[in-house]
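**Q** Chain by chain, the residues:
Number of protein chains: 2
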Amino acid sequence: MAIRYEHIKTCKQTGARIGKLHTPHGTIDTPIFMPVGTLATVKTMTPEELADIGSQIILSNTYHLWLRPGSDIIREAGGLHKFMNWDRPILTDSGGFQVFSLSDRRKIEEEGVHFRSHLDGSKLFLSPEKAMDIQHDLGSDIMMAFDECPPFPAEKKYVKDSIERTSRWAERCLNHHVKEGHDKNQALFGIVQGGEYSDLRAQSAKELVAMDFPGYSIGGLSVGEPKPIMYRVLEETVPFLPEDKPRYLMGVGSPDALIEGVIRGIDMFDCVLPTRIARNGTTMTSKGRVVVKNKKFERDFTPLDPGCDCYTCRNYTKAYLRHLFKTDEILGLRLTTYHNLYFLLKLMEDIRTAILNDQLMDFKEAFFESYGLNVENPKNF
Amino acid sequence: MAIRYEHIKTCKQTGARIGKLHTPHGTIDTPIFMPVGTLATVKTMTPEELADIGSQIILSNTYHLWLRPGSDIIREAGGLHKFMNWDRPILTDSGGFQVFSLSDRRKIEEEGVHFRSHLDGSKLFLSPEKAMDIQHDLGSDIMMAFDECPPFPAEKKYVKDSIERTSRWAERCLNHHVKEGHDKNQALFGIVQGGEYSDLRAQSAKELVAMDFPGYSIGGLSVGEPKPIMYRVLEETVPFLPEDKPRYLMGVGSPDALIEGVIRGIDMFDCVLPTRIARNGTTMTSKGRVVVKNKKFERDFTPLDPGCDCYTCRNYTKAYLRHLFKTDEILGLRLTTYHNLYFLLKLMEDIRTAILNDQLMDFKEAFFESYGLNVENPKNF
Numbered sequence: 001m002a003i004r005y006e007h008i009k010t011c012k013q014t015g016a017r018i019g020k021l022h023t024p025h026g027t028i029d030t031p032i033f034m035p036v037g038t039l040a041t042v043k044t045m046t047p048e049e050l051a052d053i054g055s056q057i058i059l060s061n062t063y064h065l066w067l068r069p070g071s072d073i074i075r076e077a078g079g080l081h082k083f084m085n086w087d088r089p090i091l092t093d094s095g096g097f098q099v100f101s102l103s104d105r106r107k108i109e110e111e112g113v114h115f116r117s118h119l120d121g122s123k124l125f126l127s128p129e130k131a132m133d134i135q136h137d138l139g140s141d142i143m144m145a146f147d148e149c150p151p152f153p154a155e156k157k158y159v160k161d162s163i164e165r166t167s168r169w170a171e172r173c174l175n176h177h178v179k180e181g182h183d184k185n186q187a188l189f190g191i192v193q194g195g196e197y198s199d200l201r202a203q204s205a206k207e208l209v210a211m212d213f214p215g216y217s218i219g220g221l222s223v224g225e226p227k228p229i230m231y232r233v234l235e236e237t238v239p240f241l242p243e244d245k246p247r248y249l250m251g252v253g254s255p256d257a258l259i260e261g262v263i264r265g266i267d268m269f270d271c272v273l274p275t276r277i278a279r280n281g282t283t284m285t286s287k288g289r290v291v292v293k294n295k296k297f298e299r300d301f302t303p304l305d306p307g308c309d310c311y312t313c314r315n316y317t318k319a320y321l322r323h324l325f326k327t328d329e330i331l332g333l334r335l336t337t338y339h340n341l342y343f344l345l346k347l348m349e350d351i352r353t354a355i356l357n358d359q360l361m362d363f364k365e366a367f368f369e370s371y372g373l374n375v376e377n378p379k380n381f
Numbered sequence: 001m002a003i004r005y006e007h008i009k010t011c012k013q014t015g016a017r018i019g020k021l022h023t024p025h026g027t028i029d030t031p032i033f034m035p036v037g038t039l040a041t042v043k044t045m046t047p048e049e050l051a052d053i054g055s056q057i058i059l060s061n062t063y064h065l066w067l068r069p070g071s072d073i074i075r076e077a078g079g080l081h082k083f084m085n086w087d088r089p090i091l092t093d094s095g096g097f098q099v100f101s102l103s104d105r106r107k108i109e110e111e112g113v114h115f116r117s118h119l120d121g122s123k124l125f126l127s128p129e130k131a132m133d134i135q136h137d138l139g140s141d142i143m144m145a146f147d148e149c150p151p152f153p154a155e156k157k158y159v160k161d162s163i164e165r166t167s168r169w170a171e172r173c174l175n176h177h178v179k180e181g182h183d184k185n186q187a188l189f190g191i192v193q194g195g196e197y198s199d200l201r202a203q204s205a206k207e208l209v210a211m212d213f214p215g216y217s218i219g220g221l222s223v224g225e226p227k228p229i230m231y232r233v234l235e236e237t238v239p240f241l242p243e244d245k246p247r248y249l250m251g252v253g254s255p256d257a258l259i260e261g262v263i264r265g266i267d268m269f270d271c272v273l274p275t276r277i278a279r280n281g282t283t284m285t286s287k288g289r290v291v292v293k294n295k296k297f298e299r300d301f302t303p304l305d306p307g308c309d310c311y312t313c314r315n316y317t318k319a320y321l322r323h324l325f326k327t328d329e330i331l332g333l334r335l336t337t338y339h340n341l342y343f344l345l346k347l348m349e350d351i352r353t354a355i356l357n358d359q360l361m362d363f364k365e366a367f368f369e370s371y372g373l374n375v376e377n378p379k380n381f
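Chains as they are written, first to last, in the working numbering: chain A, 1 to 381; chain B, 1 to 381.
Hints in this document: simulated from the structure, not taken from any laboratory.
Among the hints, a few may not be true.
[Claimed, not checked] Here are the simulated lysine-lysine pairs, DSS-like style, with alpha carbons at most 25 Å apart:
1) B:Lys295 / A:Lys43
2) A:Lys346 / A:Lys43
3) A:Lys296 / B:Lys82
[To be verified] Stretch by stretch, here's where chain A covers chain B in the computed footprint (C-beta under 8 Å, at least three residues):
4) 38 to 45
5) 68 to 80
6) 83 to 90
7) 283 to 289
8) 310 to 319
9) 322 to 335
[Stated by the list, open to error] Label pairs and their in silico Cβ distance ranges:
10) A:Lys123 / B:Asn85: 19 to 25 Å
11) A:Asp328 / B:Pro226: 33 to 39 Å
12) B:Gly121 / A:Pro378: 39 to 45 Å
13) B:Leu119 / A:Pro378: 35 to 41 Å
For clarity, every value in this text was computed on a predicted model and none was experimentally measured.
Cβ atoms here follow ideal geometry from the backbone N, Cα and C, with glycine treated the same way.
In isolation and in its complexed conformation, chain A is listed as follows (with noise of 0.2 Å):
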């Protein structure tokens, strides 16, 4: 086994849990958040800024690199781990978010998914055992089994075709990863799908704990759902996994779905959200977001979140990062990038700190005030 899964320690308060899981290049403590880094590497940042702020794990994206540089290109490199120079654990996805997104260019069979590249239109196929080819090319410690991710909303008699058919797929990832012989290194989890339909996330749920997976995912969600549908979602679906197995939802990176995320159950978390949304310059804060390149910070001579000890905010006032900003300068990209996964993942130790002492449902209170998400129509993030 690749894999596992140990359990620390349940939240009296919420039901939450801490654990740690242990991986060919590490343990990770959990509930985490995953930074992503698409193209092997984590937009702006090196892998010893990563590990300074406390990336425990990173994700990659699959069908990214299979088409750039090739997954081929990565194997003779010697892996995603060495090509990047990140000696941590790595996830990657099974590519199938990113296939079914190219919506108007895909054709769904049986078989696979014939769809064109989305970078120079050429003819392209996968299949569950291409997925798994892709992902022992990379050499990820986490990978993914290839599903169809379907919109929202979808129909149900979509939804429940589909779901079906990613069990069919999960069979055969599980069966071609195994008889490859890479499930001692790799461990390859299932994901969970069924729309917004209760009985449906039931039945992929079953029918992939049937499996028997080092590891569940929740995929389908924030997809553009309202978030009550989403932790409706969560609680009808974490039942269904089994306790002594991590439980990914994909896709989630806004603090409050991070935090009821976690109160639901959930492990792991991954979202380009902090590092796509800082490159725009809009930053995560103690007291809520902070758009670096208002006029109003022109001559703020403080730091972005003065509660913060990370290397931006010791270093650099908000009229120099928005100098930089309005400058078109890569230091910006990078100050801010650095604060927003700083604040993610020091959130996620939070969190697990709450849970150790039994008060997540306080923290959670603290944060959302501070944070400004008790008020009418907060802001998404």
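Following the hints, complete the assembly by docking chain B onto the known chain A.
**A** Same frame as chain A, now just chain B:
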């Protein structure tokens, strides 16, 4: 006196010199290369990274900072050092070079230069006094007098009128600087001009030296003239400059010109070349230029320069750098910038060691051979 030049040794093989330049923010070993931080940031780099690679002093641009964020904002921030978090010496240019580059939108008068902003076309006026005021706001350790930099080629009559005005402007700069009382903490350099004309260079140098500046710049070179002309002008100009003051050759950063400049008595250099070409994927190595985007590096899992011990070369392969450039990833720009600056700063360190050992000519020959400069029509850097 804000700065003091201390002569250490003259190379018996070449007549080149090493020295120490004492400034309010620390002592610099000369000859030195100064990375350029146009807009209060050396593009892609943090101050800590600049220090790591041995940057002893950086340059920043008066004209650009005057426009963005505004010199008043930098003054209110506590000066440029504090604004950008750099506590080592800073040299600022006078804005003259940038203003005169806007050849189609400026009008030169005795009082100063009327021109239009390159950003929004707004009307601006820069004079010797204004250039001093801005640099006082910035608080740089070394300031430049406001000069005119004639283009190459230029008619002798034009250049003669120009250097005489530049001398009158230099005197106004000096008077304003001393009157404002900043001469204790900020050293003002005069800039020798004169195009390719030996007698005009001599005239300009003599007029400025008579004003007793604490250092002298040589401007109007590396503006398109062939290198042999630049080297001849240096040979004809340096003898007019005092032995006990630093000499700064503006805008030069190719390895061959750095070595040739040092041999001709230059102590300080700056240029955007290493950082600009780095962002285009072109690097300087001990074996000459390497363009990382080249297809031939697709599966090259060796460092950029196997003989280099910089962060980039110790941790990444050409295949990875190529991938980052092909995918427009910011980390690529960071890694090549870091390497190129490291390469030039290491070159200057090697030059200083060669002078100490009276071996600069031997060093030059070995370097030129290795870098590929001893061939017919070598590449330009």
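**Q** Could you tell me which of the numbered hints above are not met by this structure, giving the numbers in increasing order?
**A** Violated: hints 7 and 10.
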